[in-house]
Amino acid sequence: MKEFAYVRAGSVEEATSAYASHTGARYLGGGTNLVDLMKLGVERPTALIDVSRLPLDAVEELPDGALRIGATVRNSDLAAHPLVRDRYPALSQAVLAGASGQLRNAATTGGNLLQRTRCPYFQDLSKPCNKREPGSGCGALDGVHRDHAVLGHSAHCIATHPSDMAVALAALDGRVELYGPEGSRSVPAADFHRLPGDRPEQDTEIRPGELVTGVVLPAVAAGLPSAYRKARDRASYAFALASVAAVLRVADGVVDHVGLAFGALSHRPWRARRAEEALRGAAPTAAAFEHAVGLELSAARPLRDNAYKLPLARNLAVDVLSRLADTVPAGRTP
Amino acid sequence: MGNHQHHSETTLDVNGKPHTLTVDHRRVLLDLLREDLDLTGAKKGCDHGQCGACTVLVDGRRVNSCLLLAVTLDGCEVTTVEGLSGDGEEPHPLQRAFLERDAFQCGYCTPGQICSAAGMLAEAAAGHPSHVTDPAAPTGEPVPLDREEIRERLSGNLCRCGAYPRIAEAVEDVIR
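Protein sequence lines, in the order shown, are assigned to chains A and B.
Just so we're aligned: the first sequence equals residues 34 to 367 in my numbering.
Just so we're aligned: the second sequence equals residues 4 to 179 in my numbering.
Errors might be hidden in some of the hints.
To be verified - No more than 20 Å apart at the CA atoms, straight line, and that leaves these computed lysine to aspartate or glutamate pairs for DMTMM-like:
1) A:LYS35 <-> B:GLU92
2) A:LYS160 <-> A:ASP83
3) B:LYS47 <-> B:GLU85
4) A:LYS160 <-> A:ASP231
5) A:LYS72 <-> B:ASP62
6) A:LYS35 <-> A:ASP157
7) A:LYS35 <-> A:ASP83
8) A:LYS35 <-> B:ASP41
9) B:LYS20 <-> B:GLU103
10) A:LYS72 <-> B:ASP27
11) B:LYS20 <-> B:GLU85
12) B:LYS47 <-> B:ASP34
13) B:LYS20 <-> B:GLU92
14) A:LYS35 <-> A:GLU166
15) A:LYS72 <-> B:ASP34
16) A:LYS35 <-> B:ASP27
17) A:LYS72 <-> A:ASP83
18) B:LYS20 <-> B:ASP41
19) A:LYS72 <-> B:GLU92
20) A:LYS72 <-> A:GLU215
21) B:LYS20 <-> B:ASP50
Stated by the list, open to error - Counterexamples of contact, computed for chain B against chain A with all Cβ distances above 10 Å:
22) ASP27
23) GLU92
24) ASP105
25) HIS134
Please keep in mind that the hints were generated in silico from the structure rather than gathered at the bench.
Note that the structure is predicted; figures quoted are calculated from it, not measured.
By construction, the Cβ of each residue, glycine as well, lies at the ideal position given by its N, Cα and C atoms.
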């Protein structure tokens, strides 16, 4: 590992200015991915700006009924928080479906969003990877790509985003709050991660020096039936082969609110807008769910060895939506 | 100059004793414990946060010490398997249960398994749910730990000898 400077930031302003004064700096949250990538030589920062002790560790209700989760809230605390469990069960379930107890105790909300792909070619310096080294090629395209993307990939990159949490945030219409040299802004969680196109080195819409300060879950989704389901090679402690987050409200026999997102199918959480469109106003039947999910997945372009993901994702989504349609919503006014 | 840029003075409380060290920023907690403090209980298995052999408690929470830079832990309390039983006169109930149940073969993963189990029991007592907890379970109340819960919550600790059934039994003994 290369030597690096270390700065413990006391405020977001201090963090962004320390970042600006060190070319090649990285923000450090829980470090569960970044430190590992530094050991592998994939990341070689000249300085770490430690943001893990910033006063962004609260889960708080906002005046409009939304819920803000600070960027330094640990994954385990997020998943256990009563307001998250009661109002946004898909988010709690998604976080608990990822990693291990030890990792969730260290990993932060902001870091979870900014973790890098686990594509083996990205993590192996001896292999070509356009994400790690633009222009070097994609080893996975004709290589080992059973875990890779079926939607939205390009000739440059077929990696998937590994986060479970981000999939739930996308389905729940969460927003990502950012602070940077140009001030504060927020972007929809579903648009925070990008498709690879010809710039796979850019995972997200974050600008240089910007810091994730928190995520906000909207009041409109609070208390609605929501769930996360994940398929993986082991019963626990494995990345998804496919996953689904969904929120669904049925009123007067028809779907009047639906958010659906897939994980492990794309370079970003895949918000299933086409399926949602087909479902709005429809009766919540298994046939309607199958039709809508089929429409969404018709855009898929599976690779040589990962076509299995399509029936897997379809079955997961139909199952989750069907269960949610049968769920009696919590008697809470958002 | 290089030394100032790449090293920092860091104070850690390890098993009840304060230590102030000048640490290379690259030093992870696991290496600091094993190489600098001669506390070799925590083991280096994968060194990538995938096996759990390096598990220790930081401020009472279980973490992978191989992925934590020591410099980030200034002022933190670290408990390793050596300090789990406090004064060390009597083994911790988990240590006793592992012995009684023969919950290991080679023993390499055992310190991590025991520290992880200690952290896990505290999490469940504090009402933290797991992947297998019924989402409808009341929030904020201790989560009862059946075999499925124990297995899920300890999934971050691998045992290449396959002592899992005995490990789960040992943890059940401590719960009862």
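Going down the list of hints, with the structure as the test:
no., hint, in the structure
1, A:LYS35 <-> B:GLU92, "violated, 43 Å"
2, A:LYS160 <-> A:ASP83, "violated, 30 Å"
3, B:LYS47 <-> B:GLU85, "holds, 16 Å"
4, A:LYS160 <-> A:ASP231, "holds, 19 Å"
5, A:LYS72 <-> B:ASP62, "violated, 25 Å"
6, A:LYS35 <-> A:ASP157, "holds, 17 Å"
7, A:LYS35 <-> A:ASP83, "holds, 17 Å"
8, A:LYS35 <-> B:ASP41, "violated, 25 Å"
9, B:LYS20 <-> B:GLU103, "violated, 30 Å"
10, A:LYS72 <-> B:ASP27, "holds, 14 Å"
11, B:LYS20 <-> B:GLU85, "holds, 12 Å"
12, B:LYS47 <-> B:ASP34, "holds, 9 Å"
13, B:LYS20 <-> B:GLU92, "holds, 17 Å"
14, A:LYS35 <-> A:GLU166, "holds, 18 Å"
15, A:LYS72 <-> B:ASP34, "holds, 13 Å"
16, A:LYS35 <-> B:ASP27, "holds, 11 Å"
17, A:LYS72 <-> A:ASP83, "holds, 17 Å"
18, B:LYS20 <-> B:ASP41, "holds, 14 Å"
19, A:LYS72 <-> B:GLU92, "violated, 38 Å"
20, A:LYS72 <-> A:GLU215, "violated, 32 Å"
21, B:LYS20 <-> B:ASP50, "violated, 26 Å"
22, ASP27, "violated, 8 Å"
23, GLU92, "holds, 28 Å"
24, ASP105, "holds, 24 Å"
25, HIS134, "violated, 5 Å"
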